[in-house]
Structures are given as structure tokens and as C-alpha cells.
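So the sequence lines, in the order shown, correspond to chains A and W. Everything in the first sequence is counted per this note's numbering, starting at 1 for the first residue and increasing by one. Everything in the second sequence is counted per this note's numbering, starting at 1 for the first residue and increasing by one.
In short, the hints are calculated from the structure, not lab data. Treat the hints loosely; a few may be bogus.
Claimed, not checked - Derived DEER-like restraints, expressed as beta-carbon distance ranges:
{"hint": "1", "chain 1": "A", "residue 1": "46", "chain 2": "W", "residue 2": "29", "range": "53 to 59 Å"}
{"hint": "2", "chain 1": "A", "residue 1": "55", "chain 2": "W", "residue 2": "11", "range": "29 to 35 Å"}
{"hint": "3", "chain 1": "A", "residue 1": "342", "chain 2": "W", "residue 2": "5", "range": "37 to 43 Å"}
{"hint": "4", "chain 1": "A", "residue 1": "158", "chain 2": "W", "residue 2": "84", "range": "54 to 60 Å"}
{"hint": "5", "chain 1": "A", "residue 1": "237", "chain 2": "W", "residue 2": "28", "range": "51 to 57 Å"}
Claimed, not checked - A short list of chain A residues far from chain W (calculated; beta carbon distances all over 10 Å):
{"hint": "6", "residue": "53"}
{"hint": "7", "residue": "68"}
{"hint": "8", "residue": "74"}
{"hint": "9", "residue": "117"}
{"hint": "10", "residue": "128"}
{"hint": "11", "residue": "184"}
{"hint": "12", "residue": "199"}
{"hint": "13", "residue": "210"}
{"hint": "14", "residue": "237"}
{"hint": "15", "residue": "284"}
{"hint": "16", "residue": "307"}
{"hint": "17", "residue": "354"}
{"hint": "18", "residue": "377"}
What the hints assert, rightly or not - Among the chain A residues that face chain W by a calculated CB cut under 7 Å, a handful are:
{"hint": "19", "residue": "42"}
{"hint": "20", "residue": "98"}
{"hint": "21", "residue": "198"}
{"hint": "22", "residue": "206"}
{"hint": "23", "residue": "207"}
{"hint": "24", "residue": "208"}
{"hint": "25", "residue": "211"}
{"hint": "26", "residue": "220"}
{"hint": "27", "residue": "221"}
{"hint": "28", "residue": "224"}
{"hint": "29", "residue": "361"}
{"hint": "30", "residue": "364"}
{"hint": "31", "residue": "368"}
Keep in mind the model is a prediction, meaning the values are calculated, not measured. Using N, Cα and C, we set each Cβ at its ideal position, and we do this for glycine too.
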Amino acid sequence: MTDIRLLTGGEAVAHAMRQIDPDVVPVYPITPQTPIIQTFAKFVAEGAAQTEIVNVESEHSAMSAAIGAALAGARTMTATSSQGLALMAEIVYIAASMRAPIVMALGNRALSGPINIHCDHSDSMLIRDSGVIQLFAENAQEAYDLTVIAPRLAEHPDVLLPVLVCQDGFTITHSAEPVTLLPDAAVRRFIGDYSIPHAVLDVARPTTQGPFAMPDYYYEFRRQQAAAIEAAAPVLADLAAEFSLLCGRSYGEIEPYRLEGAATAIIALGSTAGTVKDVVDELREAGEPVGLLKLTSFRPFPAAAIAAAFRDVDSVVVLDRADSPGATPPLHAEVAAALYGSDCELSGAVYGLGGRDLHPSDIRAVFEGAAPSHIGLRGDPCRV
Amino acid sequence: MAELRDWQHLPIAGAVLPDEAARPLTGGWRTGERPAVDLPKCVNCLLCWAYCPDSAIVLDGETFTGFDLDYCKGCAICAEVCPVGAIAMVLE
Numbered sequence: 001m002t003d004i005r006l007l008t009g010g011e012a013v014a015h016a017m018r019q020i021d022p023d024v025v026p027v028y029p030i031t032p033q034t035p036i037i038q039t040f041a042k043f044v045a046e047g048a049a050q051t052e053i054v055n056v057e058s059e060h061s062a063m064s065a066a067i068g069a070a071l072a073g074a075r076t077m078t079a080t081s082s083q084g085l086a087l088m089a090e091i092v093y094i095a096a097s098m099r100a101p102i103v104m105a106l107g108n109r110a111l112s113g114p115i116n117i118h119c120d121h122s123d124s125m126l127i128r129d130s131g132v133i134q135l136f137a138e139n140a141q142e143a144y145d146l147t148v149i150a151p152r153l154a155e156h157p158d159v160l161l162p163v164l165v166c167q168d169g170f171t172i173t174h175s176a177e178p179v180t181l182l183p184d185a186a187v188r189r190f191i192g193d194y195s196i197p198h199a200v201l202d203v204a205r206p207t208t209q210g211p212f213a214m215p216d217y218y219y220e221f222r223r224q225q226a227a228a229i230e231a232a233a234p235v236l237a238d239l240a241a242e243f244s245l246l247c248g249r250s251y252g253e254i255e256p257y258r259l260e261g262a263a264t265a266i267i268a269l270g271s272t273a274g275t276v277k278d279v280v281d282e283l284r285e286a287g288e289p290v291g292l293l294k295l296t297s298f299r300p301f302p303a304a305a306i307a308a309a310f311r312d313v314d315s316v317v318v319l320d321r322a323d324s325p326g327a328t329p330p331l332h333a334e335v336a337a338a339l340y341g342s343d344c345e346l347s348g349a350v351y352g353l354g355g356r357d358l359h360p361s362d363i364r365a366v367f368e369g370a371a372p373s374h375i376g377l378r379g380d381p382c383r384v
Numbered sequence: 001m002a003e004l005r006d007w008q009h010l011p012i013a014g015a016v017l018p019d020e021a022a023r024p025l026t027g028g029w030r031t032g033e034r035p036a037v038d039l040p041k042c043v044n045c046l047l048c049w050a051y052c053p054d055s056a057i058v059l060d061g062e063t064f065t066g067f068d069l070d071y072c073k074g075c076a077i078c079a080e081v082c083p084v085g086a087i088a089m090v091l092e
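I would like the entire structure built from these sequences, with the hints used as guidance.
As C-alpha cells, then:
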């Protein structure tokens with residue numbers, strides 16, 4: 001029997017964590033991640049998961065403890081948002097370099113300042129070069145599904161990297177929608193036992209983890225790390241195919257939506273893709289050749305898949321929910337690199353910073369070519 | 001000097017495996033003083049063993065016998081924590 005429940009994205013991910021039943025979860029609360037860990041802590045208190053929750057004093061410590069646990073041989077998860085990820089950032093890089101397969105739920109939230117608790121993607125962008133995998137969910141169902149897939153991706157012997165499952169703060173974390181849960185046993189079977197091939201902390205066979213690397217070796221370890229995240233794309237494709245057999249829901253590094261015959265297309269991350277889909281449906285019904293490319297995998301960045309998906313599209317607009325002061329916004333810059341040399345006309349717009357709403361009318365304006373470079377901004381939107 | 005390995009032939013994340021680790025003798029880092037024990041005074045409390053930041057306190061079973069000067073850095077913590085004054089720092 002299908003188990004459909006009314007859940008927020010935060011609750012849905014907490015259910016995925018309950019079913020995964022990680023050995024260790026070191027975590028520090030921060031809005032809008034709080035409902036994830038609050039709901040999960042309740043499951044643990046009720047005995048529905050056997051996890052050791054470590055109440056640490058900061059996110060820096062949360063990720064530090066997570067690395068120790070993951071490399072000691074424990075399946076490890078954590079969760080954070082915004083300033084928490086900023087404080088954690090130093091150790092996020094170290095987690096990736098130590099190849100610790102930690103799964104992290106991220107409730108995307110604007111970075112300070114000014115201080116703000118609402119959604120944008122500046123926290124994800126802060127650590128875009130850290131070497132961790134970042135998957136973006138469009139809704140609560142995707143946040144749940146990607147969280148179930150994430151441990152397999154993180155722990156795959158070709159990968160062995162932290163995986164962040166990103167969901168838009170409040171828009172997904174706090175909005176209730178119907179979510180179909182897999183049976184607990186199906187999740188347990190899908191994820192299997194935790195096992196990593198590189199040396200774990202073992203008193204009978206002591207190792208040094210995270211050693212100093214001088215100029216004669218640092219470069220090689222960085223290349224090893226880059227190879228690991230490059231390997232994640234085919235692994236994700238295989239896992240998504242296996243997951244699809246479980247429940248019929250399929251995932252890929254990108255999701256093309258009505259791109260066939262599209263003259264103009266939007267590319268976006270996260271919940272905005274859902275709004276764009278509605279507008280695309282509406283405009284398609286009116287005969288407008290428009291489409292969407294949703295990016296599920298932001299890291300690794302699916303440049304080749306993006307270029308292939310837009311091969312027959314005349315113009316592409318990149319919607320960035322983060323800015324890069326003094327430079328091209330991050331997603332726009334990377335899509336531009338992916339499309340370099342193609343005939344596709346490329347433009348971009350920043351939107352939704354600090355939780356500013358993006359309305360269907362804004363998206364219609366984008367498709368009409370009438371959108372400013374900063375959607376929804378009061379005052380002169382032109383770039384200087 | 002050992003031959004430098006390329007990135008495909010390094011342990012994942014650079015984990016140093018027990019049979020691969022170089023074992024340099026780091027006692028040469030001492031700068032002038034080393035610990036010396038007056039064994040008849042020693043009460044075998046093993047505080048020096050517990051406090052030594054390296055593994056330079058040598059035991060026979062559970063009995064203190066002396067120092068491994070190949071690894072002792074001369075930090076003098078053992079002399080400081082010894083409750084009976086059995087350890088003193090002496091010139092090399």
C-alpha cells in the first residue's frame with residue numbers, strides 16, 4: 001500500500017533519516033534546518049531510530065565530529081543552513097579532502113548580512129568549490145527521495161565524498177505537501193550496510209588520517225578529489241535507475257521539462273523549477289515554444305548534459321538565486337562556460353535574494369524577454 | 001628520496017598506512033636537555049607515561065624503566081609532573 005503523508009520538506013527528510021537510521025548525527029540547530037533535526041530527534045527519542053545524536057556546540061564542531069564518526073566506520077549525517085554552513089565551511093573542505101561520505105541536509109538560506117532567515121542559494125554557492133556533491137530538490141518529495149539516494153552516492157567506492165541534499169528554506173522545509181514514503185524495509189535494503197574501503201580508525205591497524213601534504217603531494221591529492229566528484233555523475237545515474245525501480249520516480253543530473261521544440265528556456269535550481277513548470281505549461285497551451293531545464297546536480301556540474309539539452313534552443317535565461325558582487329552570478333557563469341561556442345543566446349537574471357518571492361508573472365516576463373537583470377528589485381536593476 | 005607517486009597511485013585521502021609510514025627518529029629535535037631518572041626514588045605512578053606527549057616513556061609491562069631518547073623531544077613535562085622529584089632535566 002502506498003504511504004502518502006502530508007509532510008513539510010523538513011519532516012520528509014527527517015523520515016528519510018529515520019529510515020536510513022544513521023549511526024551518528026552530530027548537529028547544531030539553525031533556522032530553517034531546525035524542523036529536520038527536531039523531527040528526527042523526536043524519532044530517536046521514540047526509539048524509531050537508533051542513532052547517536054551528538055549535541056555539539058557549533059556547526060564547526062558538527063562537521064568535525066561527523067568526519068571523525070564517518071572515518072571511524074559509522075554512517076553519519078548532519079544538517080544545517082546559511083550561517084551554520086558558513087561556520088562549517090572550513091571543515092566541509094576537510095570532509096571532502098578526507099573523503100568522508102557524510103550526508104548533509106541543507107535548508108538553503110541567505111547569508112548575512114543583513115541577517116535574514118529566508119531562502120536563497122548563497123550558502124550553497126559559498127562552498128561550491130569545496131569538493132562536496134550538491135543535489136537540489138524541487139519539492140518535499142524530491143528532498144525525501146534524494147536523501148534516500150544520498151548515502152549510496154556518498155559511500156560509493158568511486159566517490160567517497162560528502163553529499164548535500166539542498167532544499168529551499170521555508171519554501172520547501174516548512175511547506176506541507178503530500179509525500180510518498182517508501183517502506184522502511186525498502187529503504188534499508190536500498191542503502192545496505194555502511195562500508196568504506198579506505199582505512200577507518202582501527203586500533204588494531206592504526207593509520208594517520210588527514211596528513212600534511214607538502215608541495216610534492218598536495219596537487220595530486222586535489223586531483224584525486226576532483227576525479228572522485230567527476231565519478232559521481234555516472235554513479236548517480238545508476239543509483240537513480242535502481243531507485244526508479246523501487247518507486248517509479250526517476251532522477252538525473254538534469255531534468256529537461258518540455259524542451260522539445262523550445263525556442264526559449266529557463267535554467268534554474270530548486271523550488272523555482274516548480275513555478276517555472278506551471279508557467280511553461282500555461283504558455284505551451286497558448287502556443288509559446290518555451291521550456292525549462294532544472295538542474296538537480298549542481299556539483300558535479302553537468303556541463304555536457306546542459307549543452308546537449310540546449311542544442312536546439314535559441315535562447316536561454318539563467319535564473320540565479322545568489323549574486324556574486326562584482327562578477328557574473330555563479331550559475332550564469334557556469335552555464336555560460338557550458339554553452340561556450342554554441343549558437344545559443346544566453347542571458348541571466350538574479351532573483352529571490354533573502355526570500356523575495358518570484359511570481360509567475362515574473363517568469364512570464366522572463367520568457368517574453370522583458371525581465372530585468374535583477375527580478376523583483378526596487379530601484380534601478382541595471383548592472384553598473 | 002623515495003620516488004614520487006602520481007595521483008592514481010596514492011592511498012585515498014592520503015591515509016598513511018602502518019606499513020607505509022616513514023619512521024624518522026625525532027629525538028634529534030631536543031635542544032640541549034634530556035630527562036634523567038633516579039630510579040630508587042620512582043614510585044611507579046606512571047604520571048610521566050600518561051603525560052608524555054610522545055611515546056618516550058618506556059615501560060616493562062607496567063613498570064617504568066626509562067626513556068626512549070630516539071623520540072623524546074626534551075619538553076620536560078615528565079620532570080614537571082613527577083610527584084616525587086625522581087626525574088630531572090640534565091644537559092646532553
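Structure-based check of each hint:
no., hint, in the structure
1, 46(A) x 29(W): 53 to 59 Å, "holds, 54 Å"
2, 55(A) x 11(W): 29 to 35 Å, "holds, 33 Å"
3, 342(A) x 5(W): 37 to 43 Å, "holds, 39 Å"
4, 158(A) x 84(W): 54 to 60 Å, "holds, 58 Å"
5, 237(A) x 28(W): 51 to 57 Å, "holds, 54 Å"
6, 53, "holds, 26 Å"
7, 68, "holds, 14 Å"
8, 74, "holds, 17 Å"
9, 117, "holds, 35 Å"
10, 128, "holds, 21 Å"
11, 184, "holds, 32 Å"
12, 199, "violated, 4 Å"
13, 210, "violated, 7 Å"
14, 237, "holds, 23 Å"
15, 284, "holds, 48 Å"
16, 307, "holds, 27 Å"
17, 354, "holds, 37 Å"
18, 377, "holds, 44 Å"
19, 42, "violated, 35 Å"
20, 98, "holds, 5 Å"
21, 198, "holds, 4 Å"
22, 206, "holds, 6 Å"
23, 207, "holds, 5 Å"
24, 208, "holds, 4 Å"
25, 211, "holds, 5 Å"
26, 220, "holds, 4 Å"
27, 221, "holds, 5 Å"
28, 224, "holds, 5 Å"
29, 361, "violated, 49 Å"
30, 364, "violated, 49 Å"
31, 368, "violated, 49 Å"
Checked against the numbered hints above, the structure violates hints 12, 13, 19, 29, 30, 31; every other hint is satisfied.
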